[in-house]
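Keeping their order, the protein sequence lines are chains Y and S. Those letters in the first sequence? Residues 46 to 160, by our numbering. Those letters in the second sequence? Residues 7 to 123, by our numbering.
These are computed hints drawn from the structure, not numbers from a lab. Some clues are possibly wrong.
Examples of chain S residues lying across from chain Y (beta carbon under 7 Å, computed) [what the hints assert, rightly or not]: (1) 26; (2) 49; (3) 109.
The C-beta atom is built at its ideal place from N, Cα and C for all residues, glycine as well.
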Amino acid sequence: NAGVTQTPKFQVLKTGQSMTLQCAQDMNHEYMSWYRQDPGMGLRLIHYSVGAGITDQGEVPNGYNVSRSTTEDFPLRLLSAAPSQTSVYFCASSSIGRGDNSPLHFGNGTRLTVT
Amino acid sequence: AQSVTQLGSHVSVSEGALVLLRCNYSSSVPPYLFWYVQYPNQGLQLLLKYTSAATLVKGINGFEAEFKKSETSFHLTKPSAHMSDAAEYFCAVSEPESNFGNEKLTFGTGTRLTIIP
């Protein structure tokens with residue numbers, strides 16, 4: 046059972062380059078999200094999606110784009126990387142509903158350095 | 007708006023001693039509260055969650071937390087620390103009465119727990 050799979054694990058970019066962080070889940074979860082983790086700041090929500098074709102902004106969306114063409118995949122795009130985007134990025138997914146539903150399942154992260 | 011505050015970015019305890027990690031929350035509606043653990047180079051794993059049932063919640067690996075509405079707190083405890091408990095711990099809150107409240111979590115800044123042999 047793969048869960049949430051993120052690729053690549055590590056990436057180094059030059060300022061201005063673009064790239065896509067991949068996230069895939071095999072649990073048929075409707076909800077998917079991207080967080081960035083920075084020292085002393087915890088995890089901050091970048092974008093989220095509640096189903097194919099539906100995305101919305103989180104707390105820190107600037108500089109990032111997302112799309113959700115399938116239930117399984119939720120890629121995060123950096124169109125023009127900046128040093129401030131150096132961070133560890135986590136993808137997380139869960140089912141949607143009230144009550145005692147499933148918690149967020151996290152991938153193992155992508156460590157991105159922008160020079 | 008919802009938020010959580012974790013007091014102490016680093017906590018050190020001796021092996022076998024009590025673990026106490028503090029979390030206070032702010033929420034405009036009765037919240038759901040969570041504790042997650044992150045081991046080095048891994049993603050976050052759920053330790054336990056409070057979803058308005060029993061105020062004392064038991065989680066995995068011997069951890070538990072008590073929801074105290076009067077103190078707006080959700081502190082994490084474990085009676086006897088083990089070396090394997092060394093990790094970073096995150097408190098998180100959601101507002102279940104808002105759209106997708108169960109899923110949109112707001113995280114604290116984390117507490118790194120070190121166990122002294």
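Here is how each hint holds up against the structure:
{"no.": "1", "hint": "26", "verdict": "violated, 19 Å"}
{"no.": "2", "hint": "49", "verdict": "holds, 3 Å"}
{"no.": "3", "hint": "109", "verdict": "holds, 4 Å"}
Checked against the numbered hints listed earlier, the structure breaks hint 1 alone; every other hint is satisfied.
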